[in-house]
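Turn these sequences into a full structure, and let the hints steer you where they fit.
What follows is the residue order along each chain.
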Amino acid sequence: MGSDGGPVIPNFGHGDSCVTGDHTFCWGWVQDHWGDTLGPALWQHVELTVIAVVIGFAIAFPLALLAHRYRRLEQPFGALSALVYTVPSLALFQILVPFTGITWTTVEIALVGYTLVILFPNIVTGLRSAPDEVIEAARGMGLTRLQVLMRVELPLALPAIVGGLRIAVVSTVAIATIAATLLPKGLGYPIFLALKEPTPFKTEIYSAGLLSIALAIGADLLLVALRRVAVPWTRAAR
Amino acid sequence: MIVADAANLHTFVEAFRFIGDNPHFLLTKTLEQIELSGAALGIALLAALPLGVVLGHFHRGSGIAIGASIVGRGLPSIVLIAAFLTILGIGFVNNMVALAVLGSGPILTNAYDAVAGVDRDTVEAARGMGMTRAQILGRVELPLAIPLLFTGIRVAAVTIVATAPIAAIAGGGGLGDIIVNQASYRLEGVLGASFCVMALSAVVFVGLAGLQFAVTPRGLRSTSLGEVPTRKEQL
Chain A
1 MGSDGGPVIP NFGHGDSCVT GDHTFCWGWV QDHWGDTLGP ALWQHVELTV
51 IAVVIGFAIA FPLALLAHRY RRLEQPFGAL SALVYTVPSL ALFQILVPFT
101 GITWTTVEIA LVGYTLVILF PNIVTGLRSA PDEVIEAARG MGLTRLQVLM
151 RVELPLALPA IVGGLRIAVV STVAIATIAA TLLPKGLGYP IFLALKEPTP
201 FKTEIYSAGL LSIALAIGAD LLLVALRRVA VPWTRAAR
Chain B
1 MIVADAANLH TFVEAFRFIG DNPHFLLTKT LEQIELSGAA LGIALLAALP
51 LGVVLGHFHR GSGIAIGASI VGRGLPSIVL IAAFLTILGI GFVNNMVALA
101 VLGSGPILTN AYDAVAGVDR DTVEAARGMG MTRAQILGRV ELPLAIPLLF
151 TGIRVAAVTI VATAPIAAIA GGGGLGDIIV NQASYRLEGV LGASFCVMAL
201 SAVVFVGLAG LQFAVTPRGL RSTSLGEVPT RKEQL
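In order, the protein sequence lines correspond to chains A and B.
For the first sequence, my numbering begins at 1 and goes up steadily by one.
For the second sequence, my numbering begins at 1 and goes up steadily by one.
These aren't lab readings, by the way, just hints derived from the structure by calculation.
By construction, the Cβ of each residue, glycine as well, lies at the ideal position given by its N, Cα and C atoms.
Relax, there's no trap hidden among the hints.
Footprint (simulated), chain A over chain B, 3 or more residues, beta carbon under 8 Å:
id, segment
1, 9-20
2, 76-89
3, 158-165
4, 175-182
5, 195-204
This is how it looks when you write it as structure tokens:
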């Protein structure tokens with residue numbers, strides 16, 4: 001594919017032969033457009049993800065404590081969250097539009113919904129993981145319910161909670177790319193732009209795609225490191 | 001929380017009117033989407049299920065299983081679709097392959113976990129009774145693996161059906177065509193199609209839950225169909 005006679009690629013940057021010819025990967029384009037396209041998109045993606053996971057955790061944690069305390073609540077919560085899980089992100093973003101408009105809020109509500117679905121069952125499972133004998137022993141030593149929760153159940157639940165956070169972060173990074181169907185934000189947006197061209201612009205697809213994958217892996221590694229600090233006793237078990 | 005005003009809620013009424021006015025069009029689009037999803041799920045099953053079961057039986061390649069789970073969750077669908085599009089071109093095949101890759105993640109991981117996770121003592125007992133490898137796999141490991149294994153298939157099916165609309169961005173057809181084309185169908189059309197997409201994935205989810213219950217050996221049946229299937233992280 002040359003610039004003569006081949007498909008016309010609209011003006012991406014300076015239009016050197018690599019870009020106009022839509023070669024597999026144009027490092028020059030990435031350098032030229034880091035400042036105006038890729039960099040901001042990456043930052044927006046981080047913002048979308050962090051806000052969603054933090055809010056999701058802030059909601060899921062008390063709910064999980066409730067479900068742990070009152071076991072009867074777990075089934076309804078679980079069924080509800082399973083239902084949310086089946087709602088396709090593309091549809092959920094649109095369905096929220098009449099309520100919150102084409103806004104950052106709409107995107108975050110949807111993303112928070114998906115993190116809840118992942119975090120809630122993981123936290124509940126974690127809280128359950130304390131063996132009965134351990135809890136009996138703690139009670140026998142005269143610990144109150146609250147003390148058992150704070151000193152026995154929560155520390156033992158930490159690995160599962162961090163595990164849930166890992167899945168939530170990685171999934172949110174993936175789902176946030178779809179947010180670009182609604183808002184021109186995040187790493188999904190450059191990909192959508194590239195797909196809208198008469199011939200999809202490869203460099204833009206690959207660079208934004210690789211960035212989103214790198215972001216997911218980076219966030220995951222960060223949480224693994226966090227777990228090492230928070231729960232050093234599981235290191236030997238691995 | 002922002003409260004929707006009457007004008008906004010009216011859009012929902014319009015959306016249902018859109019569904020009522022265009023049943024044929026929506027049905028065609030839904031069928032397109034089912035065709036794409038079905039083909040993708042079929043390929044994912046053929047590729048990932050035997051591999052996961054065999055790897056699980058021999059307790060080999062847990063790295064592959066973990067990697068597959070990361071692919072299933074962490075790879076943004078749009079990145080997969082766009083990347084395959086640059087290789088395979090716009091159209092059905094590209095989307096089918098991308099969705100199949102997405103779906104093989106949970107199938108492979110769960111098939112591996114399910115078979116490899118069967119109680120060692122049970123397998124030893126079966127071997128002690130003189131069962132061959134094939135008999136152990138067919139009569140002990142697979143029946144015990146069915147709940148978890150089928151959960152993987154269910155997750156894959158829902159993932160594929162829920163992701164298929166995104167394929168519309170890459171010329172995949174289906175209900176996504178309407179959702180990503182607000183200029184032609186306006187918000188009510190977009191919402192109407194979104195409701196159809198939701199209904200379709202809910203039907204797949206519930207239908208497969210029922211099927212799962214039916215194929216699970218009686219002794220292994222649990223009552224909770226609403227549990228969210230997530231891969232247990234290695235602690």
